[in-house]
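> Sequence:
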Amino acid sequence: MNLNKRYFSGLALALVLSVSSCDQDFEKINVNPNSPEKVSSALLLPNILRSTTNEIAGNSWGYGNIVMQYTAKIQFTNEDRYNWGPQGSPYGSFYNALRDINNIIQISGEAKQQNYVGIAKVMRAHLFAYMSDAYGEIPYTEALQAKAGVNYPKFDSQEVIYAGVLKELEEANALLGTTAERVDGDILFNGNVTRWKKFANSLRLRILMRLSDRVNPSQAMQAIVSNPAQSPIFASTSEEAVLQYLQDVPNQHPLYTTRSGSYDEVRLSEKMENTLKDLNDPRLFAYAQPTTNSAAGVVGPVTAYEGVPNGLGDEEALKYAPSGDPSKGGSNFLSRVGLLWACQACTSQANPIGYQAILMSYAEVQFILAEARERGFITTGSAEEYYKNGVKASVDYYRARYTVINLPTIASRLVVDDTYFAQPKVAYTGTTQEKLAKIGTQKWLALFFSGMEAWHDWKRTGYPDIKPGPAAFIATVPVRFMYPGSVQSLNGDNYKAAIARQGADAITTRVWWDVK
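The opening residue of the sequence shown carries number 9 in my numbering; numbering runs sequentially from there.
Read the hints as simulated data drawn from the structure, not as lab findings. For clarity, every value in this text was computed on a predicted model and none was experimentally measured. For every residue, glycine included, the Cβ atom is placed at its ideal position computed from N, Cα and C.
Label pairs and their computed distance ranges (CB to CB):
no.: 1; residue 1: 470; residue 2: 118; range: 44 to 50 Å
no.: 2; residue 1: 439; residue 2: 234; range: 25 to 31 Å
no.: 3; residue 1: 310; residue 2: 187; range: 51 to 57 Å
no.: 4; residue 1: 523; residue 2: 303; range: 48 to 54 Å
no.: 5; residue 1: 439; residue 2: 300; range: 39 to 45 Å
no.: 6; residue 1: 300; residue 2: 411; range: 21 to 27 Å
no.: 7; residue 1: 110; residue 2: 258; range: 22 to 28 Å
no.: 8; residue 1: 501; residue 2: 388; range: 44 to 50 Å
no.: 9; residue 1: 244; residue 2: 310; range: 28 to 34 Å
no.: 10; residue 1: 493; residue 2: 171; range: 27 to 33 Å
no.: 11; residue 1: 269; residue 2: 384; range: 48 to 54 Å
no.: 12; residue 1: 333; residue 2: 523; range: 42 to 48 Å
no.: 13; residue 1: 47; residue 2: 502; range: 26 to 32 Å
no.: 14; residue 1: 198; residue 2: 234; range: 27 to 33 Å
Quick list of in silico lysine-lysine cross-link-like pairs, DSS-like style, CA-CA up to 30 Å:
no.: 15; residue 1: 175; residue 2: 162
no.: 16; residue 1: 175; residue 2: 524
no.: 17; residue 1: 433; residue 2: 524
no.: 18; residue 1: 336; residue 2: 285
no.: 19; residue 1: 504; residue 2: 175
no.: 20; residue 1: 504; residue 2: 524
no.: 21; residue 1: 433; residue 2: 467
no.: 22; residue 1: 443; residue 2: 524
no.: 23; residue 1: 285; residue 2: 467
no.: 24; residue 1: 285; residue 2: 327
no.: 25; residue 1: 175; residue 2: 155
no.: 26; residue 1: 175; residue 2: 120
no.: 27; residue 1: 475; residue 2: 433
no.: 28; residue 1: 400; residue 2: 433
no.: 29; residue 1: 467; residue 2: 504
no.: 30; residue 1: 524; residue 2: 285
no.: 31; residue 1: 155; residue 2: 120
no.: 32; residue 1: 162; residue 2: 524
When you get a sec, could you build the whole thing from the sequences and use the hints?
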């Protein structure tokens, strides 16, 4: 009996020790090496850049190009007629990306990797500014704090948001280059920290100009342009913020694999056609294709390019005849968007690497500087020189892109010389208001396929003159996105407080900085 007790006691002790040992090693044994609990900044970075940039490119195709009348719809024309409902893009996807951006800041901050922290701050500032430009007030100071118990973040005024964004861009500029770690996963600038600094300061110029009717930007702008060693900005098209698409998924450009029917719903707008032809502007050959009816191939005479008015009803748009002859109406008589953006199913000339998603171009920076100099915000440089640089940079960019996809017949057309700048509608002459109108028009031409930037700039300046089409649902051009429905249902009290300050949640309600 005593022997049995000793036996069972020993067995129990062995089991206890065994279980205890298993418990001690449980976490080590059950770690899945293919699903790590902590992800490095280098692994987070490419997906953030890809997903948010693709979202911006999608906004450009679906809304930005249409509302600014670069393009027009000939089928399913709701966007072109301003029948806009609550807009979930970019709201939801950007806040998802911002969570991972915060993770980069935390991970790399703990590791003292200031280059990653600086890059993440540039991205965070860019995304918040992009959303606020589109919606107005958004959650900012309390955003992304669910782990801290903030499940219903308040909406901040745009004044607070842009002040925070500008501060963060200054912080990023100061951080970048202060540590020596190599930046992996950077599919935008390939780890070039200097280009990230230039992006940060170029964005500062954009935002300062955006706020210029509310806050005098002179001191801040002059501080940037007078100290390029401390606050460098884009100095050429080789430095600008563009995401290069590649041959294979997931890095192909989004339009390359779209249905030909979806691609063909969008055509060159009559507004864009008339402006380019009126200025003898060679970007006509870059931005559009000759009509099918012209049988001109990849490039043709100016008469081979035809646009359609914006804001037509579905039936009128699909049958539109540029000549006025109903027998010569329909898609065969209207120009598609240029071959840089063509889909694989549309033409044998489509190429997945021609299109780059533009976040901010060197041309845009030059036009910002031209306006700043003309309005007296800066004393550095010549407004006319900045203006001409902006035009040349835009044309040079497209010549380079068509060279990349081996279409020299188009590339050879993309040149501007003194003859172009001598035209009365282009020459940098006239009153200050006339010069600002020329800057605004040329900036609009250069911002083609640049997200929603042309729309936001038009809201501020009124250039060019954009009028609703004949079948538009409202009598004015939209000036903001409506909040997505999920905001109203999930954060209702703060949503109501925001619209009480800002105005009705409608596409006709101006955001704070839009005072024209």
